[in-house]
Amino acid sequence: MSRWRYFAQRVVLAVPVVFLGTTVAFLIVRLGPIDPAAAILGAQQIGSPEYYQLREQLGLTQPLWEQYTDFMWRMVTFQLGRSWVISPGTRVNDLIAVYAPRTIWLGLWSVLIALCIGIPLGFYAGLNPNTFGDYFASFGGIVWRAMPNFWLAVILVTLLSQSQSLFGIDWEGLWVSTQVVTPPDLSVFAEPTTLVTTPGEAWLQVAVAVKQIAPAALVLGSASMGNEMRIGRTAVLEIINADYIEAARAKGVSGRRLVWKHVFRNALIPLVPIITAEAFLLVGGSVLVETVFAINGLGSLFFQAAVQGDLPLVISLMYIFILLLVAANILQDFLYTLIDPRVGYERR
Amino acid sequence: MHDGTSPTKSDDGRSAHGPAGGTSLVERVASTPTPAALWAVGLLLLVGVEFGAVLQAGTALLAGLGRALSVLSPETVEGLRTAAESVPTLLSRETVPNQGWRRGPDGPWRATFAGLEPKVAWLVRVALVYAYAFAFLAWLWLGYRRYRTHYRLADWTPRDDVIDRLRGHRWGQFGFVVVFVFVVMALFAPALGPTTVDRNVLNPYDHEIRYYDAGTGEVDTITVGNANLQSGSEGAGQNVGPWTYDAYGRFHPFGTLPSGKDLFTFLAEGARISLSIGVASMLVSGVFGLAMATLTAYYKGLTDLLVVLTSDSIKSLPLLMVLILVVVVFQGTWLAEFYDGAVLLTAVLALVNWPYLWRAVRGPALQVAEATWIDAARSFGQSPAVIMRKHMAPYVVGYMMVYTSMSLGGVIIAVAGLSFLGLGITPPTPEWGRAVSVGQPYVATASWHISLLPGILITLVVTGFNALGDGIRDAIDPESEGGSGVEGAAAGGGGA
Numbered sequence: 003m004s005r006w007r008y009f010a011q012r013v014v015l016a017v018p019v020v021f022l023g024t025t026v027a028f029l030i031v032r033l034g035p036i037d038p039a040a041a042i043l044g045a046q047q048i049g050s051p052e053y054y055q056l057r058e059q060l061g062l063t064q065p066l067w068e069q070y071t072d073f074m075w076r077m078v079t080f081q082l083g084r085s086w087v088i089s090p091g092t093r094v095n096d097l098i099a100v101y102a103p104r105t106i107w108l109g110l111w112s113v114l115i116a117l118c119i120g121i122p123l124g125f126y127a128g129l130n131p132n133t134f135g136d137y138f139a140s141f142g143g144i145v146w147r148a149m150p151n152f153w154l155a156v157i158l159v160t161l162l163s164q165s166q167s168l169f170g171i172d173w174e175g176l177w178v179s180t181q182v183v184t185p186p187d188l189s190v191f192a193e194p195t196t197l198v199t200t201p202g203e204a205w206l207q208v209a210v211a212v213k214q215i216a217p218a219a220l221v222l223g224s225a226s227m228g229n230e231m232r233i234g235r236t237a238v239l240e241i242i243n244a245d246y247i248e249a250a251r252a253k254g255v256s257g258r259r260l261v262w263k264h265v266f267r268n269a270l271i272p273l274v275p276i277i278t279a280e281a282f283l284l285v286g287g288s289v290l291v292e293t294v295f296a297i298n299g300l301g302s303l304f305f306q307a308a309v310q311g312d313l314p315l316v317i318s319l320m321y322i323f324i325l326l327l328v329a330a331n332i333l334q335d336f337l338y339t340l341i342d343p344r345v346g347y348e349r350r
Numbered sequence: 047m048h049d050g051t052s053p054t055k056s057d058d059g060r061s062a063h064g065p066a067g068g069t070s071l072v073e074r075v076a077s078t079p080t081p082a083a084l085w086a087v088g089l090l091l092l093v094g095v096e097f098g099a100v101l102q103a104g105t106a107l108l109a110g111l112g113r114a115l116s117v118l119s120p121e122t123v124e125g126l127r128t129a130a131e132s133v134p135t136l137l138s139r140e141t142v143p144n145q146g147w148r149r150g151p152d153g154p155w156r157a158t159f160a161g162l163e164p165k166v167a168w169l170v171r172v173a174l175v176y177a178y179a180f181a182f183l184a185w186l187w188l189g190y191r192r193y194r195t196h197y198r199l200a201d202w203t204p205r206d207d208v209i210d211r212l213r214g215h216r217w218g219q220f221g222f223v224v225v226f227v228f229v230v231m232a233l234f235a236p237a238l239g240p241t242t243v244d245r246n247v248l249n250p251y252d253h254e255i256r257y258y259d260a261g262t263g264e265v266d267t268i269t270v271g272n273a274n275l276q277s278g279s280e281g282a283g284q285n286v287g288p289w290t291y292d293a294y295g296r297f298h299p300f301g302t303l304p305s306g307k308d309l310f311t312f313l314a315e316g317a318r319i320s321l322s323i324g325v326a327s328m329l330v331s332g333v334f335g336l337a338m339a340t341l342t343a344y345y346k347g348l349t350d351l352l353v354v355l356t357s358d359s360i361k362s363l364p365l366l367m368v369l370i371l372v373v374v375v376f377q378g379t380w381l382a383e384f385y386d387g388a389v390l391l392t393a394v395l396a397l398v399n400w401p402y403l404w405r406a407v408r409g410p411a412l413q414v415a416e417a418t419w420i421d422a423a424r425s426f427g428q429s430p431a432v433i434m435r436k437h438m439a440p441y442v443v444g445y446m447m448v449y450t451s452m453s454l455g456g457v458i459i460a461v462a463g464l465s466f467l468g469l470g471i472t473p474p475t476p477e478w479g480r481a482v483s484v485g486q487p488y489v490a491t492a493s494w495h496i497s498l499l500p501g502i503l504i505t506l507v508v509t510g511f512n513a514l515g516d517g518i519r520d521a522i523d524p525e526s527e528g529g530s531g532v533e534g535a536a537a538g539g540g541g542a
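As given, the protein sequences belong to chains A and B, one line each in that order. For the first sequence, my numbering assigns the number 3 to the initial residue and increments by one for each residue that follows. For the second sequence, my numbering assigns the number 47 to the initial residue and increments by one for each residue that follows.
Since the hints were derived computationally from the structure, they do not count as laboratory data. Treat the hints with care, since some could be wrong.
According to the in silico footprint, chain A covers these stretches of chain B (three or more CB under 8 Å from chain A) [to be verified]:
| hint | region |
| --- | --- |
| 1 | 136-142 |
| 2 | 180-189 |
| 3 | 348-358 |
| 4 | 361-368 |
| 5 | 487-501 |
Far from chain B, some chain A residues (derived; all Cβ distances over 12 Å) [claimed, not checked]:
| hint | residue |
| --- | --- |
| 6 | Thr24 |
| 7 | Gln64 |
| 8 | Gln207 |
| 9 | Phe336 |
C-beta atoms are modelled at their ideal positions from N, C-alpha and C, and glycine is treated no differently.
The whole structure should be built from the sequences, with the hints applied where relevant.
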């Protein structure tokens with residue numbers, strides 16, 4: 003089976019997965035005990051004329067089957083409906099367009115931080131096994147991974163907002179004045195041409211946005227950082243003891259070349275699923291981290307919508323997240339086949 | 047050692063159809079009774095000092111059953127309860143009380159254990175509880191050793207190697223000890239706390255305490271609720287930190303909450319909730335995942351494809367968001383009020399977690415399905431159910447333990463995260479995440495302990511479960527030594 007055929011097969015298999023996942027979300031919302039009309043009007047309005055009018059308007063009077071097919075069709079065509087409670091009447095697509103960039107910005111940096119700290123640390127620990135540095139990095143990684151995101155976020159927010167009295171360095175005033183708990187200002191990306199036309203100003207704005215997101219990204223990346231470190235260490239250790247490294251060394255390959263060409267490349271393979279699994283951590287953890295850091299992204303939007311019973315918004319966001327996670331899974335399998343052609347084709 | 051036996055015989059010693067026509071366990075015990083008798087005496091001693099507690103648990107169970115079947119009148123139940131409570135127990139607050147008062151500013155303590163100050167009295171009780179727990183553990187271990195040397199027919203089984211490897215695994219042992227300390231904390235929560243949840247959290251105005259009032263110079267009484275109002279931790283102005291007394295002579299090992307409730311009592315009770323949800327949901331999804339793994343490995347083909355699709359669909363749902371959604375949707379229904387929402391959370395977590403466990407043990411299950419002994423069993427005409435249960439499951443169950451242990455940490459974090467958001471376990475039932483949330487405004491003040499301590503406990507417990515999982519993995523499969531892709535995904539991380 004060729005690489006592309008395998009990839010196509012993966013994509014085809016993902017269709018029923020998305021379908022079933024979305025159906026589960028629909029069933030939880032529609033078959034659960036929550037009454038959407040009552041959620042909008044308040045429980046005391048049940049039975050009033052407005053209540054029945056709203057039910058009619060929301061399509062709740064139709065048979066469930068029709069509601070379901072209608073819902074599925076709208077999801078497939080990305081007509082995600084309108085918000086009921088959070089921002090009544092606003093199209094969900096518009097809401098997502100407003101909120102998503104912040105979450106993407108947060109996710110981007112947490113992946114980058116996790117990769118740039120976790121993998122080098124893991125490789126360092128693997129290349130220097132059983133030294134003090136290895137133990138320190140390994141143990142630190144294990145504990146770091148075990149810390150709950152929301153707790154880490156709470157502690158970090160406090161440390162940073164009190165940094166003047168605690169460490170003598172004022173984080174908020176450091177370099178440019180920003181608040182610790184704030185949504186990042188991403189207006190510069192609305193007009194990407196300014197990055198070229200007025201580079202000085204535009205890039206400064208980008209830097210400010212990075213500073214605003216950095217603490218939250220560090221927290222969100224923490225769990226996967228620990229994982230990457232651990233897996234990276236094990237992988238490097240395994241490869242260093244492999245026969246072909248011995249052979250390369252006997253042939254006189256220099257140490258630096260050995261590490262870069264033979265060890266690192268192969269050690270990256272087991273890291274692939276860890277890196278794509280980050281998508282799960284990011285999507286799930288974004289609720290908690292965005293809440294603590296007051297980043298108005300998709301995670302906090304989902305939380306607000308769920309708590310306030312804004313069901314079309316909730317279910318649309320769920321659909322988007324399902325698409326994201328399935329895409330991450332496909333990407334994982336694809337990366338596998340790219341890096342290591344032996345894996346994959348016959349795996350399923 | 048029992049001589050004249052061959053290692054081919056069944057390792058549990060209960061079946062008596064070995065080639066040499068072995069004796070039953072009862073007969074073997076009867077022939078050399080001393081080790082077993084000594085071991086039984088140990089059990090009597092251990093149960094004896096805790097007889098009251100056993101009786102109380104028994105009556106509670108009986109009362110519950112009686113109410114459900116309406117065969118026992120409330121009076122009988124009440125009578126049974128008082129009778130059970132009158133039996134002294136070593137590890138109860140009544141035997142070693144730590145709540146007392148003093149007559150004067152430096153007068154001796156009254157009503158505490160042996161007149162000690164509350165801190166010392168509490169420490170004595172904690173030490174007793176843990177000494178008892180570790181004694182119980184030692185008794186179990188001794189029982190295994192005695193069984194192995196005196197009563198088991200086989201000299202050696204593969205499981206012996208697993209246990210011996212675990213004995214040399216320091217990291218795994220660290221995990222085991224941490225988990226054990228946490229389990230004991232949950233089991234003995236009512237005896238461990240300096241006060242009880244009922245007194246301190248649920249009905250503080252129904253209970254009174256006596257204390258020495260420095261202002262009037264007399265011993266006064268006050269309700270717990272009013273005393274709590276005066277001993278909250280609210281930052282610089284008013285704070286009762288860890289390891290201090292409040293103004294009413296109450297000792298707080300972990301300090302107090304902003305509401306003046308004792309944090310240690312809150313956390314010990316919270317450990318009960320976290321652990322019961324974690325263990326129950328992991329047990330359900332572990333058993334289900336195991337059944338699925340053996341089924342799909344045995345039948346393959348269409349069964350496998352169906353389970354792959356189902357599990358992938360469930361895995362495509364973001365866990366924390368599904369939890370939020372379910373908790374919100376079921377708010378106010380009987381299911382959400384059942385055990386303060388713990389049952390609902392357990393059910394959802396079990397439903398959502400089994401695909402990960404199934405995926406993690408799918409490899410070993412497929413491997414064992416190819417084994418020659420499976421073919422042999424099939425050709426002997428054994429039914430698929432028996433083959434799966436007797437010949438496949440035992441091989442996979444070790445791996446399942448590794449992954450459930452590692453995922454347990456993730457479940458604890460997920461439940462705490464939900465409580466942090468104000469969902470999940472209904473207040474005022476203690477939950478660790480709620481303590482973090484309540485203490486959030488005070489992290490940088492003198493009352494830093496409210497958020498910090500529960501977080502440290504969670505981190506410790508999750509690390510413990512991960513270390514235990516590592517230990518079991520290295521013990522059952524010394525070759526593996528990590529490195530597999532699933533490990534990272536299964537390990538309980540701070541993702542939620």
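Hints versus structure:
1. With 0 residues having a beta carbon nearer than 8 Å to a beta carbon of chain A, the region 136-142 of chain B misses the requirement of three or more and the stated coverage is violated.
2. Closer than 8 Å: that is the beta-carbon criterion, and the region 180-189 of chain B has 0 residues meeting it against chain A, so the requirement of 3 is violated.
3. A count of 4 residues in the region 348-358 of chain B with a Cβ less than 8 Å from any Cβ of chain A is obtained; the coverage claim is therefore met, three being the minimum.
4. Residue count for the region 361-368 of chain B with a Cβ under 8 Å from a Cβ of chain A: 8. That meets the three needed, and the coverage hint holds.
5. Against chain A, the region 487-501 of chain B contributes 6 residues with a C-beta closer than 8 Å to a partner C-beta. That satisfies the three-residue criterion, and the hint holds.
6. The non-interface label for Thr24 (chain A) is inconsistent with chain B: the shortest C-beta to C-beta separation is roughly 9 Å, within 12 Å.
7. For Gln64 (chain A), the condition that its CB be more than 12 Å from all CB atoms of chain B holds, with the nearest at approximately 20 Å.
8. The non-interface label for Gln207 (chain A) is consistent with chain B: the shortest C-beta to C-beta separation is roughly 30 Å, beyond 12 Å.
9. The claim that Phe336 (chain A) is not at the interface with chain B holds, since no C-beta of that chain comes within 12 Å of its own (minimum 15 Å).
Checked against the numbered hints given earlier, this structure breaks hints 1, 2, 6; the rest are met.
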